[in-house]
Amino acid sequence: MIAARWLAGLVRRRPVEMMGAAVATAIAFAFLACLGAFIGDSRAHMTERALASLPVDWQIQATSGTSLATVDAAAKKLPHVRAVVDVQYVAVPALETNINGTHRTTGRAFVVALPTAYSNEFPNTLRVLVGKPAGPQLLQQTAANLGAAPGSAVIVHTPAGKPAIVVTAGVSDLLTADSFFQTVGVAAGAGPSAPPDNVLLVPPADFPRLAAGGEVIRQVHVSFDRSWLPSDPGKAFNAEVQARNHFESQLTGAALVGDNAEVSLSSAREDGLYAQLLILLLGIPGVILAAVITALVVAVRADRRRREMSLVRMRGMPVRTVVGLLAVESAVVAGVGVALGYGLARLAAHWAFGSSHVPTLWLGVAAGVAVVLSLVSHLAPVRSLLRAGAAAQPGRAIAPAIASGRPWPLRFGLDVILLAVAGLIFWLTARGGYQVVVAPEGLATTSVNYAALLAPACAWPGLALFVWRCVDFVLGRRRGRPTGDGHELVVATVRRRRRLISRSAVGLTVALAVTLSTAVFTATYRTQSRLDVALTVGADVAVKEPPSAHVSPSFGDRLAQVPGVQAVAPQQHRFAYVGADLQDLYGVDPANIAKATPLRNSFVPGTTINQALLDLRRTPDGVLLAAETLHDYQLHKGDTIRLRLQTGAQQRYTPITFHVIGNVKEWPTAPKDSFIVANAAYIAQVTGSNDVGLFLVKTNNPRATAHRIQPIVAPMGASVDDIASARSRVTTASGLAATDLSGLSRLQLGFGLILAVAMFALALLLAVLDRRRALVLLAALGATTRQRGRFLAAEARAVLVGGVIGGVVVGSAIAYLLVKVLTGIFDPAPDHATIPWGYLSLLMGLTVVTASAIVAVMGRLASRAGLSTLREL
Amino acid sequence: MTTELVGARDLTIRYGRTLIVSEASMTIQSGDLTALVGRSGAGKTTLLLTLAGLLRPASGQLTWPNLDPRRDIGLVFQAPSLLPELTAAENVALPLRLRSVAAPEAYRRARAALGELLIEAPDAMPNELSGGQQQRVAVARVLAAEPRLVLADEPTGSLDRAGADIVLAALRRHVQAVDGALIVATHDEDLVAGLPQRLKLVDGVVRQGVSA
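Order-wise, the sequence lines are chains A and B. Going by my numbering, the residue at position 498 of the first sequence is 513; the numbering climbs one at a time, nothing skipped. Going by my numbering, the residue at position 35 of the second sequence is 36; the numbering climbs one at a time, nothing skipped.
With the rest of the complex left out, here is chain A (with noise of 0.2 Å):
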């Protein structure tokens, strides 16, 4: 009964603060809920994309004495299975062509027997670029060693000896050549990494011939329906490794089960781990600050009600009512919380995932933490007076003294110590190369190395701490001239008021860390997945000409007339073989290509991109080697090396000698393993022919003038990509594609704004309230508006300017510790974080407006005196 008439005229009397509270329990439950929400979307959708990209789910390889036949059964009665497909290939000696008069031999090489079906069963893994798909293929490379074309003739030197001629109907890619021709059985690593440079695709019906004499690989391709996996990827991982080791013990030693799924999923079980990191990093100090901030709101009328509970008290009532009246209250605002947090939750969840799907389980700890946040908040600020036996205070005291000295953790170096913590645990995760994640291939178990997690944590509270004494620090040492109307005063408040005006900077240097330090450290990403695509396409546009095509670097000046083109770079690409290892070739200009395409020092370790490229120009028969080429080939810089190129209209393997100048670990449109960069300009004189295979254009907008250009080159055959196309289609390197962290950071950013603007409010709202009794004492001795405004504007710029720097320095060091500690996160690795100045423009902008804004309305509303107030002086 009682409680019912508490609440009745707590919602009478002071709706607005109680409103307040409800609404700050709302954005904190709302934003738990959010984050809740991204863990479940973002793992659903890394199970579901690593599978979608699959192709091949297995590759089950009949061990000798066991047939094809026998295998291909057992597969076709897997549960879920969706396509079966045989394949078989052979290693051959050699093919050859004969153009022309022309002889051109290639070394080892492969014949693989592949149903025309196989491309239809398996999408996306056989691309026909020139002639028919039906009948024999030879693969981009293989054709080009060869010189051959669609209609050529060539000869299969088989394993029994005896030649055998196959005309070739197209030229084709084969996209899943990497697993493709994977190594069944072995460990991961132990098979050969690059899959073989000469290929004959051909039907199943021309294979015996070519095979005759030789160890036939034969393998059953299979696909499956996944709908069924768990979404989570290491439980959709556990169940992959179970249903190949349960096929694996059925066929008892028959067959072997080479696993894309299992690589892949492993992969997103690795994704997963950094989607957890990403969470405890990015997510807990912003749920943290809600929790900080829904307390402060409940803290605006702390002061009223310990006076209203040490009435109470006065008068008798029991301790167990005291706080039983405080629990409903709270429970009505964590009630009330909820419910708005509910819908907003929903609505910021659909605005940051295109989903209003909230998990149950999250709601209920974003319920539970809403209930104890509010109670807890609550009950604080009068904890001293629910303790037995003590004694309830309802006057003011006569003059309070105000908080001065510093905090317990200050005095005692807290912020040193934590910050040579962070210091030291940092730079052991450094020397480790930031291996937070440990997810070794092939193997089921993966762990984070949490410990390197301490550096950010422990960074967070210390310079926080240490912002704290920096701001004590400088207004300690303020001394204001008694100049004008009382200056020397203004400033000897705010000197003697440091302890609530650093506490106050502080929490704003909290609240913009955590938005700036998400911001950069999302703009760091998105620059970063921009840059991988921009790998894999080449530029912002990229037109590359077909296999068969001689197109000069001249062509390049009709493509930079085209409206929207900033810079077009020709780019050679050829073929070289370094030893017995092929490898691709890339010819470019050091002076342009820079202007055309995003290259990053990361590019070339050990030194910078300009400095490689200037290197590259002073030496013209330079070339930029991978390090596991100097590294087998124990090569080092300066050191001669002969490359055998096809050169002269024979297209003849010959030796050309370069020289390293260097390391280089990616390329835009390079393969993930060994290739070379060198002189456009050398490699056209020794090899005479100065064709360009790719034209890397720069524009701002690229799907637009990739429109423009595509009728220009359609009549040669060439083909056209923009990195806005192919941004879908891309696999960035983290399987956390930016589809989902680009969720992450709107809610991070969106919430982070609200956060750091409230934050600083009720900062200033608190000072405001701290300090009405002095403002409608200073109107009471005459100072005029603008006199009691100087006031308050003194403390509210200390909070702004401490807060702000404080803000600027924090969030820059933690978004550092971000982009470093999850390097694991990027590829390429980041030659420096990305600076959203909009965003944060925006952020320090509303921030400074709600500051004059407060300071304005509320200093004139508080220092306005009601006879209540008057009263109390």
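These are calculated hints, taken from the structure and not from any lab test. A portion of the hints provided could be inaccurate.
Among the chain B residues that face chain A by a calculated CB cut under 8 Å, a handful are [said to hold, decoys possible]:
no.	residue
1	L55
2	S82
3	L99
Calculated Cβ distances over 10 Å to all of chain A for the following chain B residues [unchecked claim]:
no.	residue
4	M2
5	E5
6	R18
7	S23
8	A43
9	E86
10	E91
11	A94
12	S101
13	A104
14	E147
15	D161
16	A170
17	K201
Quick reminder that beta carbons are idealized off the backbone N, C-alpha and C, glycines included.
For this one, chain A is given, so just place chain B on it according to the hints.
Chain B alone, transformed into the frame defined by chain A:
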């Protein structure tokens, strides 16, 4: 020669729906030393705040013919009402500095006023002073500003007899020095006895007179 400092005609003051003063008329002249008396809750504080210009009357006319109410009225509140983040001297100098009185002059006058009220620690923070000392600092703040009309609301409530005598004597000296007036709302009979004029507030009616 006396001058009129406050003139009230048919002054009605309300606190919410409660009638505090009903159609009162009074005049305060320079040299007046007035005790404002009435039982607790009669509205003495509200009347003082209205005479100081801090509250607006519900109706009637209130004028300060020879005063600038912002500068020439000093108010001593019931509680000491010092700014906790300023020292005693800074609190006393505050009204002067707000009027742009030069700092050396303001602090000289502040120290003099504190000395007159026997406060020997001008650099002490308010929370380092006793309740009585804080009240004397608040009185010193009024004296240092040299107002012609001093309105004091229970100024001796937190003082012992000796302290009350010091405060009253200081206020009297000040009023005489500036040819001003003093109105003291009080229950202290000794204090009332020492003041020649009376303003008696009973059930919303103000009666102006002299001590019997």
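Evaluation of the provided hints:
no., hint, in the structure
1, L55, "6 Å, holds"
2, S82, "4 Å, holds"
3, L99, "5 Å, holds"
4, M2, "28 Å, holds"
5, E5, "22 Å, holds"
6, R18, "13 Å, holds"
7, S23, "17 Å, holds"
8, A43, "13 Å, holds"
9, E86, "4 Å, violated"
10, E91, "6 Å, violated"
11, A94, "8 Å, violated"
12, S101, "4 Å, violated"
13, A104, "3 Å, violated"
14, E147, "13 Å, holds"
15, D161, "16 Å, holds"
16, A170, "23 Å, holds"
17, K201, "21 Å, holds"
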